[in-house]
Amino acid sequence: MARGYRQTGREGRPESGGVPRLEGMSDTPDHLVLPVDAVSAGRLAERGLHYRLLDTADESAYAAWIRADERGFHGPASNDEQNAFSRAAMGSRRTTGVWDPQSVLIAEPVATVNSWPVELSVPGETTVGAWAISSVTVSPTHRRRGIARSLLEGELRTAQRLGLPIASLTVSEATIYGRYGFGPATTAADWRIDSRAAGWLGDEPDGRIDFIPVEDYARIAFALHEAARTARPGEVDGWPERWRQFAGLRPGDGDAAGVRTVQYREDGEVRAAAAFRVVEEPQREEHSVRVLHLDSTTPSARLGVLRFLLSLDLVTRVDASLLSVDEPLRWRLADQRAAEVTVRDHEWLRILDVPRALEARRFSGAGRFRLDVSDDLGLATGRWLVESDADGVVRVGDAGHDDDAPLLRTDVATLGSLYLGGVAVTTLADAGRTAGSDAEAVLIADRVLRSTVAPFLSFWY
Numbered sequence: 001m002a003r004g005y006r007q008t009g010r011e012g013r014p015e016s017g018g019v020p021r022l023e024g025m026s027d028t029p030d031h032l033v034l035p036v037d038a039v040s041a042g043r044l045a046e047r048g049l050h051y052r053l054l055d056t057a058d059e060s061a062y063a064a065w066i067r068a069d070e071r072g073f074h075g076p077a078s079n080d081e082q083n084a085f086s087r088a089a090m091g092s093r094r095t096t097g098v099w100d101p102q103s104v105l106i107a108e109p110v111a112t113v114n115s116w117p118v119e120l121s122v123p124g125e126t127t128v129g130a131w132a133i134s135s136v137t138v139s140p141t142h143r144r145r146g147i148a149r150s151l152l153e154g155e156l157r158t159a160q161r162l163g164l165p166i167a168s169l170t171v172s173e174a175t176i177y178g179r180y181g182f183g184p185a186t187t188a189a190d191w192r193i194d195s196r197a198a199g200w201l202g203d204e205p206d207g208r209i210d211f212i213p214v215e216d217y218a219r220i221a222f223a224l225h226e227a228a229r230t231a232r233p234g235e236v237d238g239w240p241e242r243w244r245q246f247a248g249l250r251p252g253d254g255d256a257a258g259v260r261t262v263q264y265r266e267d268g269e270v271r272a273a274a275a276f277r278v279v280e281e282p283q284r285e286e287h288s289v290r291v292l293h294l295d296s297t298t299p300s301a302r303l304g305v306l307r308f309l310l311s312l313d314l315v316t317r318v319d320a321s322l323l324s325v326d327e328p329l330r331w332r333l334a335d336q337r338a339a340e341v342t343v344r345d346h347e348w349l350r351i352l353d354v355p356r357a358l359e360a361r362r363f364s365g366a367g368r369f370r371l372d373v374s375d376d377l378g379l380a381t382g383r384w385l386v387e388s389d390a391d392g393v394v395r396v397g398d399a400g401h402d403d404d405a406p407l408l409r410t411d412v413a414t415l416g417s418l419y420l421g422g423v424a425v426t427t428l429a430d431a432g433r434t435a436g437s438d439a440e441a442v443l444i445a446d447r448v449l450r451s452t453v454a455p456f457l458s459f460w461y
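Numbering (our numbering), first residue to last: 1 to 461.
If you're looking for bench data, these hints aren't it; they were derived computationally from the structure.
Hints are supplied without guarantee of correctness; some may be wrong.
[Claimed, not checked] FRET-style restraints, in silico, Cβ to Cβ:
hint, residue 1, residue 2, range
1, Arg219, Asp404, 35 to 45 Å
2, Gly258, Arg219, 35 to 45 Å
3, Ile176, Arg337, 27 to 37 Å
4, Arg179, Ala431, 28 to 38 Å
5, Ala84, Asp190, 31 to 41 Å
Just so it is clear, the structure is predicted and the values come from calculations on it, not from any experiment.
Every residue, glycine too, gets a C-beta built ideally from N, C-alpha and C.
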């Protein structure tokens, strides 16, 4: 299943990635009205199942869809107020389901998926259009009927029809998506810090930190994310409701009363903001801090917020999820062993158009090699000549049979892992995931594909 925060959406956001609009429907983005994939619809129809789009303006239909989605993630059912919150936000997403006319709960789909165009940040502080996929669920009553395959392959073909060169998702089950050509492209670090033992190296941060209202936090932190996201490959454009969730503003949030929000100013400008909760431990004199989200536009402001959290009275531990693997905090702790850090995959990418995807990013220097990509689904199979100049500008063309440029062979899932530059080509070659015609091919591709900034995504979608 793709990890899905079903109570979120993109409200009032411009369409990203140059997604066209259908002729005669200038006010309606293509992705909201494009018919469902005919191949998947046919496969599901052979099994007596109906595959169709959902109109989120239909309150009762949406309530039935969200119940199925929540059940798929073992979550509690939303009430009417929560449904209204999420339905308003989901209006700019493509909401799809599979229905079984023989089901007792006939209004509720037996499978769900939700998708929308995003701007994916790539090396070079620029973006490329991508197709974000979320809320992938199949009812346990309908497993092993090819429903998940039909849903996911349908999403990939839909992205291609929309002209988007990449599909992306965050996953709760990592073993599923490689078979559809997705590869892990960003990693995230979960930190558990003993604040009593950690200590602090160097000068204390000299910015100003203040508590702020949660409503202000949701607005300020979202703006910080939008201002900073292109500098970090892997980030995508956010949506306001997601940050309102971080602030505890989703209706019915049982932990909302405990959310605290702060901002950090440098030279009079807000450069960072965080939402967190202080949790009482079994020993009443001890507490732990759980960081819900942290946004920043400068490393020094980010460190300033983390230093504040580590210095809170009566707090013995700070837990923070989804930090970058190159987080500078490690190098300000007097005792690095006071921090337990767990690294795991987070965002997965699926390349659909190799030339457009590669040309959208910058390489790390000049290079020339041939790239051979295999794809079991046939969506991105091919061989290309990849060239970049000293500025990292990429040009991709057909590879002639007589071209003597070094050749790198890879499957499309491995290319997804390499795309943002977060893993070395040499590492994947050593793992047997990619191979070169000679050592030079691997070294050239390794040099130009690497990113000087570790790819990172700061939230789930």
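Exercise for the section: Kindly indicate which numbered hints from before are broken by the structure, ordering the numbers from low to high. Expected result: 1, 2 and 4
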